[in-house]
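Asks: Chain by chain, the residues:
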Amino acid sequence: AQKITQTQPGMFVQEKEAVTLDCTYDTSDPSYGLFWYKQPSSGEMIFLIYQGSYDQQNATEGRYSLNFQKARKSANLVISASQLGDSAMYFCAMREGGSEKLVFGKGTKLTVNP
Amino acid sequence: EPEVTQTPSHQVTQMGQEVILRCVPISNHLYFYWYRQILGQKVEFLVSFYNNEISEKSEIFDDQFSVERPDGSNFTLKIRSTKLEDSAMYFCASSVTPRDQGYTFGSGTRLTVV
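Chains A and B, in that order, give the protein sequences. Take the first sequence: its letters are residues 1 to 114, numbered as in my numbering. Take the second sequence: its letters are residues 115 to 228, numbered as in my numbering.
Bound-form chain A, shown alone (with noise of 0.2 Å):
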């Protein structure tokens, strides 16, 4: 079973706009870490946004917010302002508490439109 789903492979959006990536999770640990990452066309993984499982409130970085739903094991990224340079693959992931390794997502690609 796929630990971490991301059912949009690709995704468009006018420069300005908000946008959200959707992530649902799938683990029977209480204790989690989510993220999401960002990878432009040179490839390097770019760390964006962490939410712990027993945090409290949703995690927020800059024009990045994560749209944390527990009950529901989602972790949807919003990406406000939308610029060209968004542009990109996003991979969420998840750490289990028991665990050391990320286990990622398919990835979303996201394409800014001017």
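Worth flagging that the hints you see were computed from the coordinates, not collected in a lab. No experiment lies behind these values; they were computed from the predicted model shown. Watch out, some of these pointers could steer you wrong.
One-sided and incomplete, this derived list gives chain B residues near chain A with beta-carbon spacing under 10 Å [claimed, not checked]:
1) Glu158
2) Ser162
3) Tyr164
4) Ala207
5) Pro212
6) Gly220
Label-pair ranges, simulated between beta-carbon atoms [as the list claims (entries may be wrong)]:
7) A:Ser99 - B:Asp176: 18 to 28 Å
8) A:Met11 - B:Gly130: 37 to 47 Å
9) A:Gly52 - B:Ile168: 39 to 49 Å
10) B:Pro116 - A:Tyr64: 40 to 50 Å
11) B:Glu167 - A:Gly97: 19 to 29 Å
12) B:Gly154 - A:Phe12: 17 to 27 Å
13) A:Lys16 - B:Gly130: 47 to 57 Å
14) A:Gly98 - B:Gly154: 27 to 37 Å
15) A:Gly97 - B:Leu144: 12 to 22 Å
16) A:Asn67 - B:Gly130: 26 to 36 Å
17) B:Asn142 - A:Asp55: 20 to 30 Å
18) A:Ser80 - B:Glu115: 15 to 25 Å
Cβ atoms here follow ideal geometry from the backbone N, Cα and C, with glycine treated the same way.
Based on the hints, put chain B in the right spot on chain A.
Replies: Relative to the frame of chain A, chain B by itself:
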């Protein structure tokens, strides 16, 4: 800002040859990781390393793979006898602790086996 450095950025090798991928993690980080990403696919965990020992590994990390921290700064991944299916982007990452939300990835080494 501290970064994880990987060399080379691109390596081409003949099938059956040994290859060593090199990484310099962030200096105060204690946990080191290798991940790989086959072209167009998701990022997959290979191995984690702490205190000069492998602490966790995936089923991908078989006897053909080994890791080493030969000195105080480098962290290497060796593939003994490369196969065509080893062609991928290999990412090194490091963190202060495995519970650290700040996994930092390097820019990757693109390995092409011909």
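Asks: All hints, please: hold or fail.
Replies: So, going through the hints one by one against the coordinates:
| no. | hint | in the structure |
| --- | --- | --- |
| 1 | Glu158 | 7 Å, holds |
| 2 | Ser162 | 4 Å, holds |
| 3 | Tyr164 | 8 Å, holds |
| 4 | Ala207 | 8 Å, holds |
| 5 | Pro212 | 4 Å, holds |
| 6 | Gly220 | 8 Å, holds |
| 7 | A:Ser99 - B:Asp176: 18 to 28 Å | 19 Å, holds |
| 8 | A:Met11 - B:Gly130: 37 to 47 Å | 42 Å, holds |
| 9 | A:Gly52 - B:Ile168: 39 to 49 Å | 26 Å, violated |
| 10 | B:Pro116 - A:Tyr64: 40 to 50 Å | 21 Å, violated |
| 11 | B:Glu167 - A:Gly97: 19 to 29 Å | 21 Å, holds |
| 12 | B:Gly154 - A:Phe12: 17 to 27 Å | 19 Å, holds |
| 13 | A:Lys16 - B:Gly130: 47 to 57 Å | 52 Å, holds |
| 14 | A:Gly98 - B:Gly154: 27 to 37 Å | 31 Å, holds |
| 15 | A:Gly97 - B:Leu144: 12 to 22 Å | 19 Å, holds |
| 16 | A:Asn67 - B:Gly130: 26 to 36 Å | 49 Å, violated |
| 17 | B:Asn142 - A:Asp55: 20 to 30 Å | 25 Å, holds |
| 18 | A:Ser80 - B:Glu115: 15 to 25 Å | 23 Å, holds |
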